[in-house]
Structures are given as C-alpha cells and as structure tokens.
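Build out the structure end to end from the sequences listed, making use of the hints.
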Amino acid sequence: MNDPDRTDHPSSPPSLVGDTGTDDRAGSVARRTFLGRSAALGGAAMITPAALVGCGSEDSAGQVTGGDDYTPGSADLQVEIAPEIDGILYPDDYVGPRARELEPFGDGTIDFTILSQTDPELDLATNYYSTLLEQTTGVKASYVTVPAGEDGKTKVNAIVAGGELPHALMVGQDIFNPSEISIYGQQGLFIPLDKLIDENAPHILDMFDSFPNMRQQYTAPDGKLYGVPSMNDCYHCKSANVRTWINQDWLKGIGASSPETLEEYVSVMDEFRAFSGRPDASVLTTADADTMLQLFQFFLGSFLEIPDLWLRRTGSTLEWHHRDPAFRAGIVWIQEQFAAGNFDPGIFSNTAEQYQKLGDGPDGPRFGVGYGYSTYQFSAAADYTDPDSAALIMTPLAPMAGPDGVRTAQWDHFSYGYLNYVITPECPDPVQLIRWADYQFELGLTISGGRGEQGVGWDFASEGQMGIDGQQAVYEVLPTPEDLKNTAWREWGPLYKSMSQRHGEVVQESNPSVEPILFRAAELYEPFATPEESGVPPLVLDMDQSAQIGEITTNLESHLKQAMAAFGTGAKDASDDADWDEYIATASSIGIDTYTEIHQAAYDAQNG
Amino acid sequence: MTVHATAEVRAHRHIKDPRSDRILNVVLLVLLTLFTLTIVYPFVYIISASLSSPTAVSSGEMWLWPVGFSLDAYQAVLDYPAITRGFLNSLLYSGAAMLIGTAATVMGGYALSRSDLVGRNAFTLVFVLTMMFSGGMIPTYLVVRDLGMLNTIWAMILPAAVSVWQLIVTRTFFQTTIPHELLECSRIDGASDLRFFARIVLPLSKPILAVNLLLYGVATWNAYFNGLIYLTDEDLYPLQLVMRNILLENTFDPSKMAGANPDRIAEMQQLADKLKYALIIIASVPPLIAYPFVQKHFVKGMMIGSLKG
Amino acid sequence: MSTDQQTFVDQLRVEDTPSGRRKHSASPIAGQRTTPLSKKLKRSWQLYLLLLPAVIWVVLFAYWPMYGIQIAFRDFTPVGGITGSDWVGLKHIEKFVTSYNFWPLLSNTLILAFYELIAGFPIPIILALALNAVRQKYFSRIVQLITYAPNFISIVVVVGILVMLLDPQMGIVPHAFELLGLTPPAFLTDPGWFRHTYVWSGIWQTAGFSAIIYLAALTSVPPELHEAAKVDGATHVRRMWHIDVPAILPIAIVLMILNVGSIMSVGFEKVLLMQNPLNLVTSQVIDTYVYEVGLKSPIPQYSYATAIGLFRSVIGLILLVTVNSLAKRVTKAGLF
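Protein chains in written order, with this note's numbering: chain A, 1 to 608; chain B, 609 to 917; chain C, 918 to 1253.
Keep in mind that the hints were calculated from the coordinates and are not lab data.
Heads up, the beta-carbon is just placed ideally off N, CA and C, and yes, glycines get one too.
Any given hint could be a false lead.
As the list claims (entries may be wrong) - Label pairs and their calculated CB-CB ranges:
| # | chain 1 | residue 1 | chain 2 | residue 2 | range |
| --- | --- | --- | --- | --- | --- |
| 1 | C | 1038 | A | 261 | 37 to 43 Å |
| 2 | C | 1231 | B | 684 | 45 to 51 Å |
| 3 | C | 1098 | B | 692 | 26 to 32 Å |
| 4 | A | 92 | B | 692 | 51 to 57 Å |
| 5 | B | 672 | A | 281 | 14 to 20 Å |
| 6 | B | 687 | C | 1100 | 31 to 37 Å |
| 7 | B | 703 | C | 958 | 32 to 38 Å |
| 8 | C | 958 | B | 900 | 21 to 27 Å |
| 9 | C | 1100 | A | 362 | 55 to 61 Å |
| 10 | B | 684 | C | 1089 | 26 to 32 Å |
Claimed, not checked - Stretches of chain B that chain A covers, calculated by requiring three or more beta carbons in the stretch to come under 8 Å of a beta carbon on chain A:
| # | region |
| --- | --- |
| 11 | 658-666 |
| 12 | 749-761 |
| 13 | 840-852 |
| 14 | 877-886 |
What follows is the structure, encoded as structure tokens:
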C-alpha cells in the first residue's frame, strides 16, 4: 500500500514483477529522477493519476480471490440478499431483478477509481445516477472516462499498456471482448472474481441461480471468472441479424399480402416492378454494402438452417456449411434474383447514407424489401407518430419457405449478456467494489442506471398497465424533460435486464417507440428460429488463436463479398462448377480449415 | 521599395503587355473560376445543409439552397457547453503551438540551411528519419507520461511541436532566398550568427514565418488523437475531439451488441445528422479567418528592397 | 533573357552543392574549408544553439519512443510491456509477407500511392503559378481563399458529398454525362475508376492548401526580374517557365522527395470509406487491411501492426534514398 516505488511505476502488476524483472526497475529509477526534474523546471502540475494511489498488495488480493486453488461456488455467502420491497407488481412468470431495500455498506474512506465510457452529454462526476449510487452503496467513486466506441478502446489500450490501471473498469460491450478479458485476466491484469462473488454478491448469485448456464458461459478456459457479466437479454435482438422489411404501401398498391414463399416473393417483385405508384428511381430489394451479407443470409434461410454465416454445429462438431449443396442452391437463387432485377445492384455499393436516402424519399421509401437491424438503418428521419414515415410504412417480413419448404431464420440464442466489469490488482478493497457492482443487480438501480430518478424518469407501474409482452407491467418510463439530460448512464455499468425485466416496461401509446415494432418482428421470426443446438456459442480464444483468426476472418469476409458481387453482376456464375469450385478452393487457401479448427478447439475447451 | 515605384511599374506593365499575355490571363481566369466553382458547390451545400431540416438533407430534397430553413443546428451546438469549451481550448492550443513550433522550426531551419554548419547532412537525416520511423502509440504515451505531461496542455502542444516536413521546407526556403552576399557582408561588419539571424534573416522571411504559423496552427486545430490519448479531463478536450465524440459515437456495429437500444442509436444518429454540418462550419471558421492574415505577407520584392536599403 | 536573371537561376540551382561553394571560393565562408574542424565548430556555436530546440524535440518525442519499434519482433502484451514480451524475431514480418494476399496489397498500395504522388505533384505548382500570374490580384486572393478551404472538411463529409454527386441513380455528375449523350462510368464501383476518383478528389481537396508553400516561395522572386525580362520581350509563359519555375524548383524537389518517403501511407480513412465489394480488387491497401485485421482480431495485434508499419517504413526509406540521390545527380539539389 502506498509504496512510493509503485506509485511512480505501476506498469507491472504485483504478480508479474518477477517476470519483467530488473530492466523495468532500473528504468523506473531513471524515469523518476527525470520526472522530478522536468516537473520542477517546467513548473507543470505534477499529474499522478488518482488511479495510482493506493494499490492492493498481493497478500490481500490472494485472500479475497482465493488464489489458483479456489473452486468456484465453494465459499459461503457472507452477505445476505437485501429484503424485497413490497407492492411491486411482477407477472407470474417474471424472472429477473427485484426491487429491494439496499443499505449502504461503504464508509467512503477510499476514493475508488472506475473507468467508464461516457458521451458528450454526460458528466459522470455530477450525474444523478452516480450520486444515487454513492448514496445507496456508501462507496465513493471517481470516474476515469473514455469516449464510447473505437476511440474509447484505443484510449483504454493506451492506459492499459501504460500500466495506469484504475481500480475497476466498466468496459461495456465494445472495449474488451471475452477473449481479451480472459487473456488479460490470465496475465494478471484483472483479478479472478469467483470467490469475491461467492462471498459478497448475493444479487449476482441470484441471477446465476435464475440463469444456470450463465456463469459457465462467461468463465475463461482456465476455469476462472474474470469479469462480472451483465445481462441484457433482448428478445428482438435474437432475430435482428437477418431482420428484413417490406413496403406496406406498395403491397397495398398491388393488393397483395406479404409473400410466404420464395415463389410468392418473385411474383410480388414482378408486380412491384409493374406498380405505377412507385416513386422515381426506386428499386425492388436492397440493403447497403455493410449489411448485404445479412440480407443474403435472410434469403439463404429458405434453403438451409444458417445460424451463422460461417459455421454450424452438429452435436459438438463445427462445420463450414458453404460446401453444403443447399448453400450453393441459395447462392444460385440469389444470383438469379440479381439477373432478374429483383435485387438491386446498389446492394454492393450503397453506403449507409445512400441507403437511408432511399428510405427517406419524399414520396415514401424508394424500395420494396430491405434489410434493417432497426428502422434507423434505412430511415434517418424515423418518426413513429407519422404514418407517412418510412419507419411505419416498412414492416417486418417473415422468413419465407424455399423450394424444398425450408423456412428458417437465424436466432441468436447466446447473446443475452456480456462481461463488462473487471477489477484490477490495483484495487485496495475488492470486496467493496464487487458489492458496489452487486447492488446494481437490484431492479431499482438497474432501471435508474438507464432512466435516472424514480418518480422523474421512471416509476413502478400501477395495476392494469400493460408491458411490452402484453402482461402486467413492472415499471413505466416517464418522458424526461430536456433539462434532465445528465441523470442516467447509458448501458455501460453493471446491469441486470432479463427478458422479463425488459418486457415489464409499460407500452406508451402517447410516446411510441420502435420497441413494440421490433417485439412483433421477433414474434414473427421466432417460429422459424434456428435451434440452439446448431448455433455456435461465443467462443473465448487464446493469444495465438486470436492472432490467426483476425486475418482469416478479414480475408474470408472480403472473399465472400467479392464472390457475391461477381455472381450478382454476372461476372461469374455460381451454377457453373468451375466458378463454384474456385470459390470453395479460394476459401480453402485463405484458411477456412484453420478457421474451423480454431473454433472447434475453443469450443471443446469451453464445453468439453 | 516605394509606393511611387510600384505604381510606376504597374503603369509600365499596362502599356507593354503583349497580346499573348492578355490571352493567357483570360485563360487563367477562366480555369481558376471553373476550379473555384467546383469547390463553391460543396461549400454551399454544407452551409445550406446546416440551415436545413435534417430530414430534407437525408432524403436528398436539399441539394442547393436550404429546405425547411432553421437555425436549430446552431442553437443545439450552442447548447453544448462542451463545444464552446472545446473551441476555446483549441484556440489556446493552436495559439501556443503556433508560437512554439514556428520558433523552433525557423531557428532550426535556418541553422540547417547554412552550408558551413558541420554535420548538416547528418542532422537533416536524423530529422528526416523520424518521418518514417516512429516508436508508435504506446512508447510515445509512456514518454509523455514520464515527462509528467499527461492531462496537461503541454501534452497537446509539445509532442507534435515540430513538424519535420516544415523544418525541411523552411530550410530549403532559407537556402533559396537568403543570398550568400548578405552573410558575407555582415561577417565583414563583424555581426555574429545570432545577430545576423535576428536582424537580417527574420525580417526577410515573413512569408515562411507566416506559412509556419498557419500550418502549425491548422495542424493543432485539426488534431484530435493526442487529445484522445493524453487527456483524461474532459474540460481540456479540444474541439475536434468533442466533435468526434458527437459525430462518430454512433459508428459502432449494433449487431455485435447484446441489447443495444435501437431508440438510443436512432437518437444519437439523428443528433449527429443535425449537428454535423453546423459543426463543420464552426470548426472551419478559425483556420479560414487566419488565411488572409497569412496572405498579406505574400508580398513581393522584400528581399531586393532590403538589399538596396 | 537577362544575365541578372540567369545568375539568379544559377544560384538557385547550385547553391546547395559543394560546387556551389567552390564558385564562391573568394568568400570568407568558402575559405573555411581549410579551417580545422574544432575551430569551425567553435565558430558556429550560435548555429547549434539555434538548432538546439528542434534537436531536443526530436530526441525526446521521436527518438526516445523509438525503442518501441522492437515490439515488431516480439509478441507484445500489455502486461509484459515493450521490453518484457516474448522475442519472436521476424515472425510477424514473415507472416505478413507470406500472407494470402500480400502481393495484391503491395501492388494496390504502390499503384495508388504513385498515382497520387505523380498526379498530385504538379497541380499545386500549376495552381500557385496561375494564382501568381493573374493580374487581377483581388480575384487571385479570393480564389486562394476558396481553394484553400476544402482542406478543412473532414474526410467523412468529403466522401459523403462525393458519393452524393456520383450516385448512379440520383447523382448530378452521371446525369450530366447522360445529358451529353455519354454513358457515365461507374465512378464508385468500377475497380479501375476507384483510383481516379480517389486521386482526383484528393487533389481537389488539397491542391489549394498545398499551393501555399509555393506561393510563399514565389515571393522570393524579385519583380525586377519580370520587368527586365519583359523589356527583353519575353512572353508571360516564357517568364513563368524561366523565372517562377526555377524559384520554386528547390522546394518542389524537396517536397517530392519527402512525399516519396511517406509514399506507403495512403489515406487510409478515405480508402476505407470508399471501399465496397465491387472495387475491393483495387481498393484494398495495406493500411485498410491492417485495420480490418485489427478489428476482427479478438486481441489488438500491436506487434503485427508494428511489423507491417516497419516494413512500410523500410520501403519508404529505400525509395527516399534512391530519389534523393537521383535528384542530386539530375538537379544538383537534394535533401542531404
């Protein structure tokens, strides 16, 4: 604790001092001298990031983490789960966080540093939710902020490489992926959390009890859990990857209903082509160059089960399914649609902006069928109160039956959460920080994290209010006044949004949002969902595997996109054996077999 | 050179212009006008877009003049305290970087331009090599950290204080514009190198001083990466970083995120669409205003004038 | 042509070379060739003093971090740090050079970079000469101000506008082609046209800004030279060629050499934004490839990226040294 040497030179976490050894220590002396001098000379304020003050020693870390020998689940809870608050209306089949009476446990003597993403509208130091959290837990925290997205990742990489670790990091979903957390955890950058959770986190354990697969899915291949998984189980997201939309105005114009088979699709396209109510410069079926593979995957679902563009699972064997004749048949069909003009060649070159321009045409959307994760993808001006908005004219198109009656759509069974909270060896008191996270798995805090103050941004629902799934709602989101922007966090912190919790939100007739539309879309797709058994769960890769996989994935993706472009523009012919064999052979030389083997090995390591 | 002489020269020129020169002038006028027009259009577009409703822009209705005129975007920009603060920070960083960078560059460039500097080529090579080889983000970060500059204004100024490219250009400028005779004369008068530099060279190098000031100012104004990496205090963020956080925040891939909130994504995208063009205009104003000041120093005949004087 | 002017031109061309110094052998500066080194150093201590700030900067911020290059030969991990990660020698460079599409990447990068270099080099010079030659100074100033402006628009917006103008369905440019009875080329999707679109839109954006240096250099031309040449009956074109061009030639050559040195780093962000599956054959360059690989790797590949960067730098250095010695031989002016 407060070892002066460490304060200046924190780049090697305690457990690794032995490895990096003498070089670094010599360097630290020289640097410290220089640092002192330059600060004195320049009169520049000496900045010692608060993160460096008060580092945990290996001894205390060893105690709380239980070291290498700890068996997850073996320690007893030392903290009781908080008592429930009465009078909250939960539907009968509700599984998720519950409202509880939380008592502060921290004494505020330590100023913990926690890294978080932020956005320009927020100031985490004065944010309402930050304040609420400090009151509820008694833990005093300062936030080291990084921008959201790729920039934030770059900055975190610099911070990590520079060795200035905060006490904990809320890494959201886009800063560290599970492989990174696993590798860095094994290298000693993060501490294992199993014993901490088992002893101090009753609310997290409650979630693990409700979702028995969860703990195992987020455990690193070495058997340890290096991050606290947050749950954000979104029903509509499960079909979002292939969600495709159809133009209701045009359907009404030709007096048809949504096609149920590919055959009907083709005749609808023929009628669309002849339809006189089409706006100028409109196309039939489209997407943009970034989402084209998703659109193709939607149609390929009418030829084979395609839970992922690259791999499918049979039992515990992973396989590249492009060698399947059904896959080729699907590609040949897509190629025919391009030749017939049903698919717009702009698919291969549209930018996201061009696609939105098609959707936001002044005379209604300029396309008949298109891909969209949500409506914003094809309509920048989406307005759910305006019946003339592309967001309401385009409605979800269900998967269609193929020539052999195959009718499936990718259903993502696995992405219901993510590891997003890690504690570092710099933390002086990991127990307080794990409890700080644990409290946020309570219903009220989870909602406040996204909506701010109870009674202002949200409130519990009253009897008779209906949730998104048509059952009794649990809570209601209130329209936030403009001047209350800095009241919530985005979804960066620990949170527990089970499907029941998400669907427990009151549907607002007065303030329509896209959620109910997407919910209905998911209901439309679910009957055709690919089964869990054929999907590949998220895999955690090690260093060597990670180094190989990036290059292969890049090349495979551009190979597939280029091949589709060649088939679509008629430069090559998927029904011609020579051209198709070339497609397969090139994928082999890129390393599709290595790709499959790496995933197989990772799958076996995690599920073996 | 006197005003009178200049006027005389002009009058003189008018009479003696051959016809081919007049044709050339017309041709140049036409070509330059055409080139300028290709630039004017996108600028009119950006200005109109900043004054139009975002819907009209995204649907392609707006293509020349504002459609659905409103000043909402500018109002929204002003509502962001981070933008005003970033603007002022950027002004400060650019101002300081201009002065420090130009001073180091002009002094160094002059020294390197002197053929009697022993080791001149070696020094030049030492500088040029750094244009191609750099230690990379992490080691540079560690150096800045070890110098105690993290999260200070110095991190925005010093790591990028000298542009080797400008140093070499400045050196070449001195080589071609400061005649040997001047140095010889001053040597005979017994002036030292420093004195010669301050009294003779600097007054002769207004154009390159102006160019250096402009380029350093503009480079610092446009930089965001050092701010991103070295600053943690959001109050110190430069404008470009604030802008980037607003405009690029929505570039992540929602399909890779569990439970990403589509309403929130749409909201961020609409905000970005709304602010985009107004921000571009606000961010371009200072460098555009700076240019005429620089241009003023592109006046001919200084050297000869001072030689004669 | 007047002798006055010829001397000026000569001076520009040869000043930087040993023979130039010999020409002034009577001068006190040239006389120092016989002075002992120590005395020379002592005499020019003030010059070293002037150079000192730049040297301190280059040592602190350029050379000190350079020890980081070694991660190209290690398997860098944040925990091991730069000096503590495993040494793997040439593994990363080998991996890149033997990778599936190394040759297409290299040739795409080189073709795009050389095209940009060669097309982009004369335009700012021509622009500067034209701006300098126009008699209506007011007009010239306005044009300067406007042509300088696009440099400040972000690449994202430039590409956005480009796509809008060139959109085959709704764009103005293809419409203009059709009005003239021509078939518009696929500016954005034809792999051949990708290079033209990329390079010329870049020139459009930066020519005005790049011309500033040349405009500054043109100020060193004494108006008397033009007047004298005019009296001799030289046309404006001739005067531009014989007076203005030599005045900016040294800077132009230096810029050319510097550009060659950084040739392998093509504008990655812009290429990325202009990429689509149809033009990928020509638009995949080293930088975008490294970016994509980094994006799709579960762990940031610092070492691999550094190794590729190093590979690029070495090629750049070889080209730079070659061009420098060529320039010295041909024009007697070089960088070092």
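Hints, one by one, checked against the model:
no.	hint	verdict
1	C:1038 with A:261: 37 to 43 Å	violated (60 Å)
2	C:1231 with B:684: 45 to 51 Å	holds (49 Å)
3	C:1098 with B:692: 26 to 32 Å	violated (53 Å)
4	A:92 with B:692: 51 to 57 Å	holds (53 Å)
5	B:672 with A:281: 14 to 20 Å	holds (18 Å)
6	B:687 with C:1100: 31 to 37 Å	violated (49 Å)
7	B:703 with C:958: 32 to 38 Å	holds (37 Å)
8	C:958 with B:900: 21 to 27 Å	violated (44 Å)
9	C:1100 with A:362: 55 to 61 Å	violated (28 Å)
10	B:684 with C:1089: 26 to 32 Å	holds (29 Å)
11	658-666	holds (count 3)
12	749-761	holds (count 10)
13	840-852	holds (count 5)
14	877-886	holds (count 3)
The structure fails hints 1, 3, 6, 8, 9 (numbered hints given earlier, in ascending order).
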